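Participant: The listed protein sequences correspond, in order, to chains R and Y. Using the working numbering, the first residue of the first sequence is number 1, and each one after it goes up by one. Using the working numbering, the first residue of the second sequence is number 1, and each one after it goes up by one.
Hints are not guaranteed to be accurate.
What the hints assert, rightly or not - To spell it out: a stretch of chain Y is covered by chain R in this simulated footprint if at least three of its residues, at any positions, have a beta carbon under 8 Å from a beta carbon of chain R; those stretches are: (1) 167 to 174; (2) 229 to 235; (3) 246 to 256.
As the list claims (entries may be wrong) - Residues from chain Y that face chain R, not an exhaustive set, calculated with beta carbons under 8 Å: (4) Phe-53; (5) Leu-143; (6) Gly-144; (7) Ala-207; (8) Ala-210; (9) Val-259; (10) Ser-266.
Stated by the list, open to error - Some but not every residue of chain R turned toward chain Y, in silico, with C-beta under 8 Å: (11) Ser-139; (12) Met-244; (13) Tyr-262.
Source of the hints: derived by calculation from the structure; they are not laboratory data. Quick caveat: nothing in here was measured; it's all calculated off a predicted structure. Here a beta-carbon is modelled for each residue, glycine too, at the ideal position from N, C-alpha and C.
Number of protein chains: 2
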Amino acid sequence: MSEPRTVTDPADPRLADYTGLTDVELRRRREPAEGLFIAEGEKVIRRALAAGFRMRSMLLTPKWLGVMEDVIAEADAPVHVVEPALAEQVTGYHVHRGALASMERQPLPEAAELLADARRVAVLEGLIDHTNLGAIFRSAAALGMDAVLLSPDCADPLYRRAVKTSMGAVFSVPYARLDPWPSALDAVRAAGFRLLALTPSGAEDLAVAAPHLLPKAALMLGAEGDGLTRRALDAADQRVRIPMAHGVDSLNVGAAAAVAFYAVNSA
Amino acid sequence: MSEPRTVTDPADPRLADYTGLTDVELRRRREPAEGLFIAEGEKVIRRALAAGFRMRSMLLTPKWLGVMEDVIAEADAPVHVVEPALAEQVTGYHVHRGALASMERQPLPEAAELLADARRVAVLEGLIDHTNLGAIFRSAAALGMDAVLLSPDCADPLYRRAVKTSMGAVFSVPYARLDPWPSALDAVRAAGFRLLALTPSGAEDLAVAAPHLLPKAALMLGAEGDGLTRRALDAADQRVRIPMAHGVDSLNVGAAAAVAFYAVNSA
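Bound conformation, chain R alone (with noise of 0.2 Å):
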């Protein structure tokens, strides 16, 4: 049980996890180099306490003292209240959910790790977008694919637009990075995975693909707007596209993910 303490200077250290939130490029510095990754709103921190996340820290403002009394009760990290305003003041922005937690990252497995138990893996390149990475692991979660890989320049998984659009399945769905890029998809290969990209130009359809009956399958998305690389498509056993209709060039990454992780888990 934790003892919730007002705070009410926003240059208090005990509040340093929490300094200027919306500035990403800070953000992706600190929070690997530190270790830390910010969790927001009710929901997604009982995800992460669920899924074996260490609380460093909580941030709450009062009135949700008594939404998050069970937490506080369970928790050995301190419980720092704040007002309103001065929780904006700290982070940069108006706190809508007014409970954030700084959570203690964990070690990224490898992927080889990852490999050794999957069926269906998604490999991501160059996904940059916090909004379309949380939601592609949260069509992975819900449709059912053991693990995710990324690319080396894709974004953090653990940043908190991420796991927020996520809506915490970034704590549910295991992922590793593959690095060096692409080469490191040999080993994907060599686990016993057949490796699909999923590409406008696809020679062969999703459906005539059939992905749900291979015993292992690696779905390559890329990114919105490009898609994967001329790399990325050459180190791939079979390009396959999702047919479309009314003259559309590419679905949304998202769509797209959501509709391949679909169809290699439909029987």
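Please build the complex by placing chain Y on the supplied structure of chain R, with the hints as guidance.
Facilitator: Same frame as chain R, but now just chain Y:
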């Protein structure tokens, strides 16, 4: 051919169509009342024209004059040239894609008209988020839906952000309102459609329901958060679910729509 003219006064009445674009409430009232909508960016403007919408006027920053040369040559509507700072002053935001067009709305078709020629329709209830709505139109177009039917409380597909997120797909997939709601769903059924409600609590798996075998299918989707209302669920012929893994309780409505649109159209 329209002769581009420089405008320097933010209060110039020729710029009236473009004032206060970030004020959602204001624009939501004004645009339908004045019979206009705003297309933003080169691609979207071209797609609106290709779809047969008439241009009322165009607002360009100087560096877009070259890119839009052919559009200007074809236009009989006035072309206003403004500096980026003035564009920001008038619209209320920094216009990244320095090209805006005010387009004339066309009367919406009746649902019955669309149903006469369609085999696959999406029925959306309570979608008030313009980004979700635009994303669903983009998927509906790409994945081969013939029409979209909207409950009376759905947002306006021609609102700027919806148009942009849809990448102009709101111009290529015809849509209509279903009013009164939900009793107008009877007309959908009378037109030969089976009404499938997508809901996490659905009794049957989407794959088992095999919607692609139906001669005519209407896929009902509810708003993010609450999903379809009890009344809408009661009006459906069948409730189907997309199976969920990892303890996830729901998909984002855009992801669910993409999966359902794919499933109803894949062989």
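Participant: With reference to the structure, classify each hint as holding or not holding.
Facilitator: Here's how the hints hold up against the structure:
Judged by the Cβ-Cβ criterion of 8 Å, the region 167 to 174 of chain Y is covered by chain R as claimed, because 4 of its residues qualify and three suffice. A stretch counts as covered by a chain when three or more of its residues have a beta carbon under 8 Å from one of that chain; for the region 229 to 235 of chain Y and chain R the count is 0, and the coverage is violated. Requiring three or more residues with a Cβ within less than 8 Å of a Cβ of chain R, the coverage given for the region 246 to 256 of chain Y holds, as 9 such residues are present. Residue-level restraint check for Phe-53 of chain Y is violated (minimum Cβ-Cβ distance to chain R is 16 Å; threshold 8 Å).
This hint holds: Leu-143 of chain Y has a C-beta 7 Å from the nearest C-beta of chain R, less than the 8 Å allowed. With its C-beta approaching chain R no nearer than about 4 Å, Gly-144 of chain Y sits inside the 8 Å limit, and its interface hint holds. Given hint, Ala-207 of chain Y at the interface with chain R, holds; its Cβ is 5 Å from that chain's nearest Cβ, closer than 8 Å. The beta carbon of Ala-210 of chain Y is not positioned within 8 Å of any beta carbon in chain R (closest approach about 11 Å), and the interface hint is therefore violated.
Taking 8 Å as the C-beta cut-off, the interface hint given for Val-259 of chain Y holds, the closest approach to chain R being about 4 Å. With its C-beta approaching chain R no nearer than about 5 Å, Ser-266 of chain Y sits inside the 8 Å limit, and its interface hint holds. The interface hint given for Ser-139 of chain R holds, since its Cβ lies 5 Å from the closest Cβ of chain Y, which is under the 8 Å cut-off. For the restraint placing Met-244 of chain R at the interface with chain Y, the shortest Cβ-Cβ distance is roughly 5 Å, inside the 8 Å limit, so the hint holds.
A distance limit of 8 Å between C-beta atoms decides the matter here; for Tyr-262 of chain R the minimum to chain Y is near 4 Å, and the interface restraint holds.
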